[in-house]
Structures are given as C-alpha cells and as structure tokens.
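Chains as they are written, first to last, in this note's numbering: chain A, 2 to 254; chain B, 173 to 485.
The set of hints was computed from the structure by calculation and includes no laboratory data.
For every residue, glycine included, the Cβ atom is placed at its ideal position computed from N, Cα and C.
Any given hint could be a false lead.
So the derived label-pair ranges between C-beta atoms look like this [said to hold, decoys possible]:
no.	chain 1	residue 1	chain 2	residue 2	range
1	A	G243	B	N210	36 to 46 Å
2	B	A280	A	L38	44 to 54 Å
3	B	A187	A	A194	31 to 41 Å
4	B	A280	A	Y42	47 to 57 Å
5	B	Y185	A	A240	28 to 38 Å
6	A	S19	B	R353	38 to 48 Å
7	A	Y42	B	R309	50 to 60 Å
8	A	G243	B	A280	31 to 41 Å
9	A	M2	B	A284	17 to 27 Å
10	A	E253	B	K424	54 to 64 Å
11	A	E253	B	R380	17 to 27 Å
12	A	E146	B	A284	53 to 63 Å
13	B	N210	A	V31	48 to 58 Å
Spelled out, the chains give:
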Amino acid sequence: MRIFFVALRKEILEQWRSYRLLITLVVLVVFGLFSPLTAKYTPELLKLLPNGADIANLIPAPTALEAVGQYLKNASQFGVILALLMTMGAVALEKDKGTAAVMLVKPLPRWAFLAAKFVALALTFAVSTALAGMACYYYTLLLFEALDIPHWLALNGLLLLFVLVYVALTLFCSTVTKSQVAAGGLAFGLMLALAIPGALPKIGEYLPGQLITWGAMLMAGRGEAYWPALWVSVGLIVAALGGAWLVFRNQEL
Amino acid sequence: MTTIRVEGLQKHYGAVHALDGLDLSVEPGTVFGFLGPNGAGKTTTIRILTGLVRPTAGRAWVAGEEVTANGRHLAQRIGHQPEEPAFYPWMTPREFLDHVGRVFGLAASERAARTKELLDLVGLAEAGQRRIGGFSRGMRQRLGLAQALVNRPEVLFLDEPVSALDPMGRKEVLALIERLRGQCTVFMSTHILADVERVCDSVGIIARGRMVVEARRDELIARYAVPVFEVESVNGYGERITGWVEAMRQEKWVTTVSVNENTARIVVNNVEVAQRELLASAVKMGLALTRYEMMRPSLEDVFLQLVGEGAQA
Numbered sequence: 002m003r004i005f006f007v008a009l010r011k012e013i014l015e016q017w018r019s020y021r022l023l024i025t026l027v028v029l030v031v032f033g034l035f036s037p038l039t040a041k042y043t044p045e046l047l048k049l050l051p052n053g054a055d056i057a058n059l060i061p062a063p064t065a066l067e068a069v070g071q072y073l074k075n076a077s078q079f080g081v082i083l084a085l086l087m088t089m090g091a092v093a094l095e096k097d098k099g100t101a102a103v104m105l106v107k108p109l110p111r112w113a114f115l116a117a118k119f120v121a122l123a124l125t126f127a128v129s130t131a132l133a134g135m136a137c138y139y140y141t142l143l144l145f146e147a148l149d150i151p152h153w154l155a156l157n158g159l160l161l162l163f164v165l166v167y168v169a170l171t172l173f174c175s176t177v178t179k180s181q182v183a184a185g186g187l188a189f190g191l192m193l194a195l196a197i198p199g200a201l202p203k204i205g206e207y208l209p210g211q212l213i214t215w216g217a218m219l220m221a222g223r224g225e226a227y228w229p230a231l232w233v234s235v236g237l238i239v240a241a242l243g244g245a246w247l248v249f250r251n252q253e254l
Numbered sequence: 173m174t175t176i177r178v179e180g181l182q183k184h185y186g187a188v189h190a191l192d193g194l195d196l197s198v199e200p201g202t203v204f205g206f207l208g209p210n211g212a213g214k215t216t217t218i219r220i221l222t223g224l225v226r227p228t229a230g231r232a233w234v235a236g237e238e239v240t241a242n243g244r245h246l247a248q249r250i251g252h253q254p255e256e257p258a259f260y261p262w263m264t265p266r267e268f269l270d271h272v273g274r275v276f277g278l279a280a281s282e283r284a285a286r287t288k289e290l291l292d293l294v295g296l297a298e299a300g301q302r303r304i305g306g307f308s309r310g311m312r313q314r315l316g317l318a319q320a321l322v323n324r325p326e327v328l329f330l331d332e333p334v335s336a337l338d339p340m341g342r343k344e345v346l347a348l349i350e351r352l353r354g355q356c357t358v359f360m361s362t363h364i365l366a367d368v369e370r371v372c373d374s375v376g377i378i379a380r381g382r383m384v385v386e387a388r389r390d391e392l393i394a395r396y397a398v399p400v401f402e403v404e405s406v407n408g409y410g411e412r413i414t415g416w417v418e419a420m421r422q423e424k425w426v427t428t429v430s431v432n433e434n435t436a437r438i439v440v441n442n443v444e445v446a447q448r449e450l451l452a453s454a455v456k457m458g459l460a461l462t463r464y465e466m467m468r469p470s471l472e473d474v475f476l477q478l479v480g481e482g483a484q485a
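Given only the sequences and the hints, what does the whole structure look like? Please build it.
Here it is, written out as structure tokens:
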C-alpha cells in the first residue's frame with residue numbers, strides 16, 4: 002500500500018498544480034451558489050421584461066425544492082462534463098507523452114498507477130461537491146428555509162456517485178486509447194449510451210441517472226429508494242476500473 | 173558470467189520484424205555500446221530488457237533475473253533513460269527526483285541527499301527549483317540520466333543518452349558514464365560512433381533485428397582492421413612521391429595506392445612485409461617525410477564495413 006500512497010501523493014499534487022481541483026471546485030460551487038439565487042430571483046427578473054409582470058404572476062412562488070432541483074440539474078450536468086474533461090487525458094496523455102514509460106519502468110505497479118488516478122479524481126469531486134453542497138445549503142437557508150440535513154447529505158452523496166461513474170468510465174477510455182481526444186470521444190459515446198436508455202421508464206430505474214431522481218425525491222420527502230441504480234452504478238465503477246487494469250497490465254508502453 | 177543475456181529475441185509488429193532472433197551478452201561492470209542503423213531494433217531491445225514491451229519470442233535475463241513485463245523486483249535494480257525522457261511539466265527537477273526516490277522506497281534523508289547529489293552530478297543544481305516544463309531538450313536529457321541513477325542501479329540502460337546535448341554537455345555526460353564503469357553495467361545505444369569508441373568496453377552492432385557482431389571494442393577494431401599506411405612528404409617532393417607510388421604499385425604486397433597532394437595512402441595485403449619494406453623504399457627514393465603511419469581503423473570504419481556504406485548509425 003505504501004506505493005499506492007506515493008502515486009496518490011503525486012496525483013493529488015497534480016490535481017492542485019494543474020488547477021483541475023480549483024476549476025472543478027469553482028464550477029460546482031458557483032452552481033451551488035447560483036441555483037438558489039436563480040430559483041429565488043427568476044420571477045423578479047421576469048418582471049423587468051416588457052409584460053414580464055404578467056408572466057411572473059403565472060409562475061408559482063419559488064420554493065426551496067426548486068432551488069434543490071436547479072442545483073441537482075446543474076451540478077449533475079456540469080459534473081459529468083467535468084468528469085470527462087478532467088479524466089480523458091489521465092492515462093492517455095501519460096502514455097502519449099512517455100511519462101508512463103518513465104515511471105512504470107520503476108517499481109511502480111500499474112494497479113497503483115491507475116488506482117491513484119481514480120482516487121485523486123474522486124477526492125477532487127468529493128471536495129468540490131461537499132463545498133458546492135454547503136454553498137447551496139447556505140444560500141437556500143438565507144433565501145428560503147433550512148433543508149433537511151441528512152437528506153441533503155444523501156443527495157450530495159448520490160450526486161457524487163453519479164459523477165464518479167463517468168470518472169471511472171472515462172478513465173477506462175483513457176486507458177484503452179493513446180490519445181486524450183479519442184478517450185474523450187469514446188467516453189462521450191458511453192455517456193450517450195447510458196443516457197438514452199436512462200430515459201426509458203423501466204430500464205432507467207436501474208441506471209446511474211436514477212440516482213439524481215432519487216436525490217430529488219429524498220428532498221421532496223418521498224420515500225422511494227432506488228437501490229438497484231446505486232448497485233448498478235457501483236458495479237459500473239468497479240467494472241470500469243477492473244477493465245482498465247486488465248487492459249493496462251498487458252499494454253506495451 | 174554475464175549481467176545481460178539475450179537469446180533468440182524476436183519482436184514482430186505485424187509484418188515488421190523489429191527483432192529477428194537477437195542474441196547478446198554483456199559482462200558485469202562494463203560499458204556496452206549498442207550500435208545500429210535507424211530502425212535496426214536498438215530501442216525495441218532496450219524496451220524489452222526494461223519490461224516495457226514483451227518479446228514475440230526468445231528470452232532475456234538482466235542481473236540474473238529473467239525479464240518479464242512489469243517485473244517489480246528487477247525494476248528495483250535497473251535504471252532506464254529513454255531517448256526522449258518525459259517528465260511532469262508542473263514538477264521541478266528536485267520534486268521529480270524526490271518522487272522517483274519515494275517510488276524506490278528511499279527514506280526522506282536519503283532522498284534529499286540523493287536528489288542534491290544527482291542534480292550536482294548532471295549539472296542541474298541551479299535549475300533545481302525551476303519547472304521542468306520550461307526545460308530545453310538537453311536539460312531534459314540530463315534530468316533523464318539523473319532519474320535513472322536514483323536507485324544506484326546495477327544495470328543502467330541508456331537510449332541515445334547524449335543525442336540532445338551540446339559538445340560540452342556530451343563531454344560531461346560521457347565522463348560521467350565512464351566513471352560508472354565498475355560500479356554498474358551500462359548498456360548504451362547511440363548513433364555517435366566516436367562516443368562509443370571513447371567510453372565503451374565492448375560493442376554490439378545490430379542490423380535488421382539481428383546482431384551482426386559483438387566483441388570487445390579493441391578486438392573488434394583489430395579484427396576488422398584495414399591494413400593501411402599513410403606516408404606524407406614535405407612540400408616540393410610531388411614528382412618524387414609520384415615516382416615512388418608508381419614503384420609501389422608493382423609490389424605484390426601492395427593492394428592499392430592513392431595519392432592526395434603530398435600524402436600517399438597504401439593499402440597492403442601483407443602488413444609484416446609492408447612494415448619492413450615501405451619506409452626503406454621511401455628513404456631509398458629520397459623522400460623527405462613528415463609522417464609515416466600505420467593507420468588505426470576507427471569504429472566507424474568497422475561499422476561501415478559491417479552494416480554498409482549507405483547506412484547511418
């Protein structure tokens with residue numbers, strides 16, 4: 002395990018020095034802050050438009066749930082985009098540039114090389130989601146009302162798991178290919194492959210997208226749980242990482 | 173006793189046979205020069221020996237261990253400098269060497285000492301805190317050598333280690349490689365024949381994925397020596413030297429003679445007779461000589477003989 006922490010240290014340092022952590026954090030925190038603001042002030046903004054007052058009167062009074070809905074929508078969409086952008090070069094770029102060959106000639110096992118990348122990215126998204134969640138909670142409290150904290154934590158946990166599915170899938174794509182553009186394209190294809198059946202009622206319940214619905218329902222006080230979607234998501238992460246390792250251990254550098 | 177042994181190594185990329193039954197052996201503590209034209213299989217050989225690439229067939233042993241892909245135990249004992257070493261551009265050389273030290277499990281105090289020592293050794297001490305992203309190719313090559321030495325390897329693989337260096341840098345790095353003789357076994361591929369001639373104890377010449385010849389450097393030069401004498405006279409003896417050359421052409425022990433101004437180049441087929449007769453004949457002709465020399469063939473002569481005039485190392 003010592004060697005894993007050596008690799009992880011480098012990856013975390015890279016997340017910091019290459020501004021990946023900062024970018025992810027800023028983007029998600031901005032959505033955390035702006036989602037309650039948007040929910041609260043959209044009717045006010047509409048009133049500024051010609052005939053806007055009439056339109057604004059048609060819209061029901063904003064609630065905390067709308068702020069949560071905005072946050073979930075924004076954070077999940079941009080979380081997936083960030084997952085693709087931050088991960089697509091993780092392995093492909095190191096193979097292409099030759100740093101993977103320089104490091105893997107040394108006693109650095111390939112599993113540690115891959116696992117450290119996933120864990121560092123997971124930490125980046127975990128920290129960013131945590132801060133975005135706190136920001137959204139605080140502004141929702143200021144503008145609407147206090148949210149139920151256990152449910153809010155659960156929602157953010159589900160959001161993080163949803164994003165990590167795409168981190169793992171993109172890491173797999175980055176391992177399979179030798180170009181980060183190809184990795185990004187392949188990961189985008191996988192994202193579509195999950196999104197399209199995710200819109201179907203029966204199948205969608207088993208796919209990662211349902212985690213977002215589950216989080217929204219928790220906040221709405223509806224008790225339906227979607228454990229299959231959670232296990233499928235965990236399974237996809239494990240399969241993507243395991244697949245990446247199986248491919249990578251036999252790759253020539 | 174060999175430190176590196178290769179038997180029947182083959183590597184095929186589709187129809188291309190990068191290695192086609194390569195055999196070689198390297199004695200411990202020596203500097204081995206691995207020569208060959210572009211595409212001969214030098215880098216492929218090094219990549220197989222360092223576990224980055226798997227051979228299609230054949231076996232290889234380094235430091236007594238059979239080479240396998242991702243062999244961690246062997247990785248502890250070797251160093252590798254690729255032809256174009258790549259680094260994390262956001263790191264400083266100090267941080268990179270420290271990271272490599274961590275990978276090798278060195279203690280913090282040892283890492284700090286080794287980092288300082290290696291940066292001094294490769295002449296990067298002053299750039300130790302600069303980001304590698306702004307380094308020149310030569311600086312990267314120096315850092316490439318430093319990172320290959322962090323673990324004090326038993327076997328050091330250097331792929332074109334001085335190709336990006338200026339003449340001063342080349343001299344320094346070659347001197348460093350010379351100092352490694354006896355401390356570790358160095359396996360060095362290069363296209364600069366003069367460098368091989370300067371630092372290598374033994375030489376292997378590879379062409380089309382096969383070893384053409386492998387021997388100690390001096391043995392190789394002696395084995396492929398072309399018996400050539402050069403005789404240079406002082407200015408104003410042009411007519412006499414022409415007359416002497418004509419006389420030489422009649423001798424049975426002379427193969428060919430060519431003249432360039434005051435210098436005659438005589439290729440002989442019997443060195444002993446030539447050594448006895450040549451100078452005496454020149455004196456008898458009344459030539460005033462400034463130089464009489466039995467030419468020592470260079471490694472380049474040998475290389476060109478073996479690989480072909482058109483080939484480049």
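Status of the given 54 to 64 Å range, CB of B/K424 versus CB of A/E253: About 58 Å separates the Cβ atoms of A/E253 and B/K424, which means 54 to 64 Å holds.
Range agreement (Cβ of B/A284 with Cβ of A/E146, hint 53 to 63 Å): holds (55 Å)
Outcome for the supplied range 31 to 41 Å, where the beta carbon pair is A/G243 and B/A280: With a Cβ separation near 34 Å, A/G243 and B/A280 satisfy 31 to 41 Å, so the hint holds.
Hint check for A/Y42 and B/A280 - Cβ pair distance inside 47 to 57 Å: Check passed, 54 Å falls within 47 to 57 Å.
Hint check for B/R380 and A/E253 - Cβ pair distance inside 17 to 27 Å: holds (21 Å)
Cβ distance range 31 to 41 Å for B/A187 and A/A194, holds or violated: Since B/A187 and A/A194 have Cβ atoms about 35 Å apart, the given range 31 to 41 Å holds.
Outcome for the supplied range 38 to 48 Å, where the beta carbon pair is A/S19 and B/R353: holds (41 Å)
Verdict for A/G243, B/N210 (Cβ pair) under range 36 to 46 Å: holds (40 Å)
Hint check for A/A240 and B/Y185 - Cβ pair distance inside 28 to 38 Å: holds (31 Å)
Outcome for the supplied range 50 to 60 Å, where the beta carbon pair is A/Y42 and B/R309: 56 Å Cβ-Cβ, so the 50 to 60 Å window holds.
Outcome for the supplied range 44 to 54 Å, where the beta carbon pair is B/A280 and A/L38: Given about 48 Å between the Cβ atoms, the range holds.
Distance restraint hint 48 to 58 Å, applied to the beta-carbon atoms of B/N210 and A/V31: holds (53 Å)
Figure legend: structure checked against the earlier numbered hints; every hint is met.
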